[in-house]
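Participant: Here our numbering is used: the first residue of the sequence shown is 298, the next is one more, and so on.
Please keep in mind that the hints were generated in silico from the structure rather than gathered at the bench. Keep in mind the model is a prediction, meaning the values are calculated, not measured. Note that the Cβ used here is the ideal one computed from N, Cα and C, for glycine as well. Hints may contain errors.
[Claimed, not checked] Label-pair restraints from in silico Cβ distances:
hint: 1; residue 1: 323; residue 2: 672; range: 49 to 57 Å
hint: 2; residue 1: 613; residue 2: 358; range: 31 to 39 Å
hint: 3; residue 1: 308; residue 2: 544; range: 38 to 46 Å
hint: 4; residue 1: 403; residue 2: 656; range: 28 to 36 Å
hint: 5; residue 1: 427; residue 2: 669; range: 46 to 54 Å
hint: 6; residue 1: 594; residue 2: 387; range: 46 to 54 Å
hint: 7; residue 1: 575; residue 2: 470; range: 19 to 27 Å
hint: 8; residue 1: 687; residue 2: 388; range: 46 to 54 Å
hint: 9; residue 1: 354; residue 2: 700; range: 28 to 36 Å
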Amino acid sequence: MPNASTSNVTIGAEGEGFSLRRDTEPYFVKGARTLGTRYMDRVAACGGNGVRISTSRDTSAVLDEAHRLGLSVLLGLPMRAQRDGFDYGDASAVRAQHERAAEIVQAHKDHPALLLWAIGNELDHIPGDKDFDLRLWDAVNDVARMIHQADPNHPAMTVIGTGRKGKLAGLVERCPDLDLLGVNAYADIVEVPAWLRSHGWNRPYAVTEWGPSGHWEVPRTRWGAVIEESSTEKGRVYRDRYEQVIQADPWCVGSYAFLWAGNRQERTHTWYNMFADDGARTEPVEVMQYEWTGQWPATRCPRIAALRIDGQAAGEDVCLAPASVHRAELTLEPASPPVDRIEWELVPENLTFGAYAGQGETKPAPVADAVRAVQAGGRSVEFQAPAEAGRDYRLFVHAYNGPDHVAIANIPFRVEG
Numbered sequence: 298m299p300n301a302s303t304s305n306v307t308i309g310a311e312g313e314g315f316s317l318r319r320d321t322e323p324y325f326v327k328g329a330r331t332l333g334t335r336y337m338d339r340v341a342a343c344g345g346n347g348v349r350i351s352t353s354r355d356t357s358a359v360l361d362e363a364h365r366l367g368l369s370v371l372l373g374l375p376m377r378a379q380r381d382g383f384d385y386g387d388a389s390a391v392r393a394q395h396e397r398a399a400e401i402v403q404a405h406k407d408h409p410a411l412l413l414w415a416i417g418n419e420l421d422h423i424p425g426d427k428d429f430d431l432r433l434w435d436a437v438n439d440v441a442r443m444i445h446q447a448d449p450n451h452p453a454m455t456v457i458g459t460g461r462k463g464k465l466a467g468l469v470e471r472c473p474d475l476d477l478l479g480v481n482a483y484a485d486i487v488e489v490p491a492w493l494r495s496h497g498w499n500r501p502y503a504v505t506e507w508g509p510s511g512h513w514e515v516p517r518t519r520w521g522a523v524i525e526e527s528s529t530e531k532g533r534v535y536r537d538r539y540e541q542v543i544q545a546d547p548w549c550v551g552s553y554a555f556l557w558a559g560n561r562q563e564r565t566h567t568w569y570n571m572f573a574d575d576g577a578r579t580e581p582v583e584v585m586q587y588e589w590t591g592q593w594p595a596t597r598c599p600r601i602a603a604l605r606i607d608g609q610a611a612g613e614d615v616c617l618a619p620a621s622v623h624r625a626e627l628t629l630e631p632a633s634p635p636v637d638r639i640e641w642e643l644v645p646e647n648l649t650f651g652a653y654a655g656q657g658e659t660k661p662a663p664v665a666d667a668v669r670a671v672q673a674g675g676r677s678v679e680f681q682a683p684a685e686a687g688r689d690y691r692l693f694v695h696a697y698n699g700p701d702h703v704a705i706a707n708i709p710f711r712v713e714g
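My request is simple: use the sequences and hints to build the entire structure.
Facilitator: Right, here's the structure in full:
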């Protein structure tokens, strides 16, 4: 552990809301959800001050790297959920889980990078929004009480999603020892301030996960394929949601943008990642740099206006005959930064999807040699639809301004006989 003293983090009322203080100084969290240390240095380079991580066998090394970069850490404690088969009626299992959390708190409570503890993640959520065992809140509160005794310097939260909004009543009743709440929200983030107030939560909160519109919140094709926002559209919604909620609500003490990574598959390999799989950054990264520092980067990502196949957009239910040849066109916004390289990729849609958070999903192998001809500097391509009828695909385009700035979009289509 670095040779430095632990920080003292407190929460207090301020005006009409709340604020964090770290060693007596006001501290608004400008954070990102990272996967270990990957791209963590870019959080600092973009003006962020914190990261959210999960406990792992490398926790000490991740904390050390965060401290080296001047970043604070929201550290997640491993608490299992009913969706994973955990039984909160099993006193022995609950006790063992509590003891494991206590060991982690003792191991890391004095680390100078530590800011807050997160007791589990969306423990109440069971796919399908099914009923959950309210005793999980008792277990959460017991861990919060333990944290207060073992580590009075760092407040504790649990993290919930926005499904089944009435669940807050049980949490408020059974978790009096939580200092604040973590909320994961996407397109419905604008509803969070009113939701918390109307259901009896009277403490501060942080938005612990937020970003593009969730795949459950967007329009679909007639066969059910979800329509993903382009990286340009995502840039707009990141900015709007940050300014309308995170900056604007005095009860909010900051946030962790999702997902500061480039290799996570959930519905697609581009949906939640703020970086491309080659490490190039997309517009949401630029937006966060602007929100954190007030300055846009000197080099900007291209901006996509439209992606069409034979003149049809994603919402027009594009259906193609087996082995037929078609034209795809990328249109950039009039004031878009320049593009010096464009790459196209045809990827089959996954046949099955993870019930929760993309668990078990992997990117399917792209269709080889699908693109037959390239025109207009790569903005127009001729491609051949696969020969197998009854399958769904997505045509992806990556438009680069230099090696590190990329705009991404995709359009789903079905091959029908």
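Participant: Would you mind marking each hint as holding or not holding in the structure?
Facilitator: To see whether the hints hold, each was checked on the structure:
no.: 1; hint: 323 - 672: 49 to 57 Å; result: 55 Å, holds
no.: 2; hint: 613 - 358: 31 to 39 Å; result: 49 Å, violated
no.: 3; hint: 308 - 544: 38 to 46 Å; result: 18 Å, violated
no.: 4; hint: 403 - 656: 28 to 36 Å; result: 30 Å, holds
no.: 5; hint: 427 - 669: 46 to 54 Å; result: 48 Å, holds
no.: 6; hint: 594 - 387: 46 to 54 Å; result: 51 Å, holds
no.: 7; hint: 575 - 470: 19 to 27 Å; result: 49 Å, violated
no.: 8; hint: 687 - 388: 46 to 54 Å; result: 51 Å, holds
no.: 9; hint: 354 - 700: 28 to 36 Å; result: 33 Å, holds
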